[in-house]
Structure formats: C-alpha cells, structure tokens
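Engineer: Take a look at the letters that make up each chain.
2 protein chains.
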Amino acid sequence: MQEIVDFILELEKLKGVTRKVRPLGLERYENSAEHSWQLAILAASLARYAESEIDINRVIHMLLVHDIGEIDAGDTMVFVEGGWEERKAAELAAVRRIFGMLPDSQGEPFLALWLEFDRAETAEARFAHAVDRAMPVLLNLNNNGQSWRENGISYERVVRRVAPPIKAGCPALWSYLEQRLEEARLKGIFGA
Amino acid sequence: MQEIVDFILELEKLKGVTRKVRPLGLERYENSAEHSWQLAILAASLARYAESEIDINRVIHMLLVHDIGEIDAGDTMVFVEGGWEERKAAELAAVRRIFGMLPDSQGEPFLALWLEFDRAETAEARFAHAVDRAMPVLLNLNNNGQSWRENGISYERVVRRVAPPIKAGCPALWSYLEQRLEEARLKGIFGA
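Protein chains in written order, with the working numbering: chain A, 12 to 203; chain B, 12 to 203.
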C-alpha cells in the first residue's frame with residue numbers, strides 16, 4: 012500500500028507541468044494533469060468515430076498515463092522541430108523510474124500502456140494520438156489562436172503537424188477540424 | 012461532431028473549479044479536473060484492494076465524470092455539514108444540462124455513470140467513493156494538514172466523515188490510513 016501511495020504522490024508533480032495553451036477563460040497555462048483528464052473524456056465521447064474498432068478502455072488508460080514522463084522531462088510543444096529523440100529518451104527514463112515505484116505487477120502494465128502510446132502502432136494508440144493532437148487545436152480555435160500566436164506557429168505548420176495523426180486515428184474529427192482551420196486561416200488567428 | 016466539441020469546451024470550466032487542498036509543492040489550490048485525473052489513476056492502482064469484485068473500467072469512467080456537476084454548483088468541502096440536498100440538486104441540474112449537450116446516445120451513459128456514483132450503491136460506486144475520499148487525506152497527511160488547518164477540521168471530524176466510505180469501498184486502504192491518521196493526530200496537524 013505504501014508503494015501505491017508513494018507513486019500517487021509522485022504524480023502530484025504532473026499538476027505542476029505547464030503546457031503552452033491556456034484553459035478557456037483562465038489566465039494561467041494548462042497543466043498536463045487536467046489535460047490528461049480532458050483527453051480521456053474526449054476519447055470516450057469520440058469512440059464511435061475511431062478509424063477502426065478500438066477498445067476504448069485501453070485508450071482511456073493510455074491517455075491517463077501518456078504524459079507522466081513529463082514529470083522529469085517537462086512538456087514540449089508539438090511544433091518544436093528538433094531534439095525529439097533526446098526528449099523521448101528522457102521521458103522513457105522518467106516513466107521507468109515512476110512506474111518502477113509500484114510492484115511489478117502494477118507498474119509493468121502502466122509502462123506497457125505508455126510504450127504502446129509512444130509507438131503509435133495499434134488502433135488504440137493511433138486514436139489516442141488523434142485525440143491528443145486535436146484538443147489543443149480545439150482550444151486555439153476558441154481562444155483566438157492564443158498558443159499559436161504566442162509561439163509564432165503558422166497555419167501551414169499546424170496542418171502539417173496535426174493532420175496526419177488526426178486523420179490516421181479519427182478521420183471524422185479531421186474533416187471537422189480541416190474546415191475550422193480553414194476558417195481560422197481566413198480570420199488570421201495564426202502566429203506567422 | 013459540433014455537439015461533442017461544444018461539450019468538451021464546456022468541460023474547460025472544471026479546470027477553474029478550485030478545491031480546498033493545494034497540490035504538494037504548489038501554492039495554488041487544486042482544481043477538480045486534475046483531481047479527477049489523479050483519482051482515475053489511483054483507482055487503477057488500487058483495483059485489487061476493492062472490497063468486492065469490480066469492473067475497474069466503469070470505476071474509471073465514473074471518476075472522470077463525477078465532479079462535472081461542480082461546473083455550475085462549485086466544489087464543497089466534504090466537511091461542510093448542511094445544505095447537501097440543495098447542492099446535490101444543483102449538481103444534478105448541472106449534469107443534466109452539460110451531458111444534455113451531447114446526442115442522447117452519448118449523454119445518457121455519462122449521466123447514468125454520474126448517478127451511479129452519486130447513489131453509491133454498486134460495488135464500483137463504493138470503490139470510487141473510497142478513492143475520492145482518500146485522495147485529499149493522502150495530500151493532507153503529506154502537506155502538514157494544510158486544508159484541515161486552513162478550515163479548522165479536527166481529527167475526529169476527518170475520521171467520522173471519511174472512515175465509513177473508505178472502509179466500505181476499500182478496507183485495506185482504510186487500514187493504512189487509520190494508522191497514518193493516528194500518527195498525524197499525535198503530531199498535531201489537525202485544525203481544531
């Protein structure tokens with residue numbers, strides 16, 4: 012029991028990992044813990060639109076743990092171009108450390124979920140990635156492009172980075188976003 | 012698709028509902044969105060200790076949505092003594108409004124999960140309640156009793172309020188907490 016308690020208290024740190032987007036109506040930046048919660052509900056709401064048949068429960072478990080590596084490695088915006096291999100290695104070391112706080116029979120399934128998400132090969136992982144990429148786009152579309160503007164991200168860069176994973180995991184969501192992004196381009200809410 | 016998007020953006024507001032406890036190491040108060048994320052992982056980690064056999068996936072779904080009524084009603088500390096019926100009615104109206112933003116085939120299962128949690132009659136709901144009551148206790152035990160002190164909550168009041176639901180849903184967790192609470196009483200980290 013003490014191992015589980017130590018693990019859950021270690022997860023406190025994810026509440027202090029900040030992302031680049033601000034929650035609608037709030038001044039502060041979003042943190043990775045509340046982001047993970049929202050992704051789990053978005054996935055549950057979108058399950059019927061997945062590209063192929065999925066086990067939604069595994070998707071939800073995956074989304075709950077997918078950002079835990081940021082506890083040691085921090086959050087990196089999806090538009091940063093270099094250094095992904097180093098960051099992935101740092102996140103892997105982090106999740107090995109953190110899930111390693113649990114007895115093997117519990118830590119290993121969590122690690123397996125994190126790795127499945129990271130590899131993005133299963134239908135569940137692809138759907139989870141689609142949801143993860145779509146959520147900050149939805150926020151920016153309703154936030155006057157706040158994190159795109161603050162970080163100098165162009166329309167082309169958004170589409171290039173988010174279209175392939177969203178299309179691969181949840182095509183109907185991409186059809187919706189494609190139109191909204193085009194409207195946003197005409198309104199001029201991008202950063203470059 | 013637009014209904015799902017409107018729903019998920021409405022959930023943004025839960026990131027702005029603050030609770031009485033502060034995340035370890037942070038000055039600000041915890042919000043109900045990040046709290047829901049942490050409960051889902053705590054439940055997954057503790058599943059084997061549930062009082063009876065449970066469907067952990069339903070528990071996780073339940074915990075993800077259990078606080079959504081606070082979007083209209085706000086968070087109320089579990090130690091507040093009166094007015095629970097009014098608050099429950101306000102939360103029920105809120106979840107009917109918010110889950111009602113979705114097509115019925117999606118909104119109704121969410122509402123059913125919320126009601127199941129609220130009624131606390133199934134093994135899954137009892138386990139979810141145990142986890143929900145235990146998490147702020149774990150934080151206070153590691154935070155020098157911060158929210159107990161700030162709100163004048165005594166050792167006796169904590170035990171009276173949290174022992175029955177935690178014992179009912181997760182007896183092994185209560186055995187652990189009972190000892191930690193006794194140690195905390197001797198250290199004098201309560202508020203009255």
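Derived from the structure by calculation, the hints contain no laboratory data. Do not rely on the hints blindly, as some may be mistaken.
Where chains are identical, the list cannot tell them apart; a pair therefore holds if satisfied intra-copy or between any two copies.
To be verified - Computed list of lysine to aspartate or glutamate pairs in DMTMM-like fashion (alpha-carbon distance at most 25 Å, straight line): (1) 99 - 132; (2) 178 - 92; (3) 24 - 119; (4) 198 - 97; (5) 31 - 17.
The model shown is predicted, which means the values in this text are computed figures rather than measured ones.
Engineer: Each hint: holds or not?
Structural biologist: Hints, verified against the model:
When the C-alpha separation of residue 99 and residue 132 is checked against a cutoff of 25 Å, the pair qualifies only within one copy, where the shortest distance is 16 Å, while the shortest distance between copies is 44 Å. In this homomeric assembly, residue 178 and residue 92 come within 25 Å of each other (Cα to Cα) only inside a single copy, at 21 Å, whereas the closest approach across copies is 51 Å. Proximity of residue 24 and residue 119 under a CA criterion of 25 Å is satisfied intra-copy only: 21 Å inside one chain copy versus 34 Å between copies. Within a single copy, residue 198 and residue 97 get their C-alpha atoms no closer than 37 Å, and across copies no closer than 45 Å, so neither meets the 25 Å cut-off.
For the homomeric pair residue 31 and residue 17, the shortest alpha-carbon distance between copies (22 Å) is at most 25 Å, but the shortest distance inside one copy (29 Å) is not.
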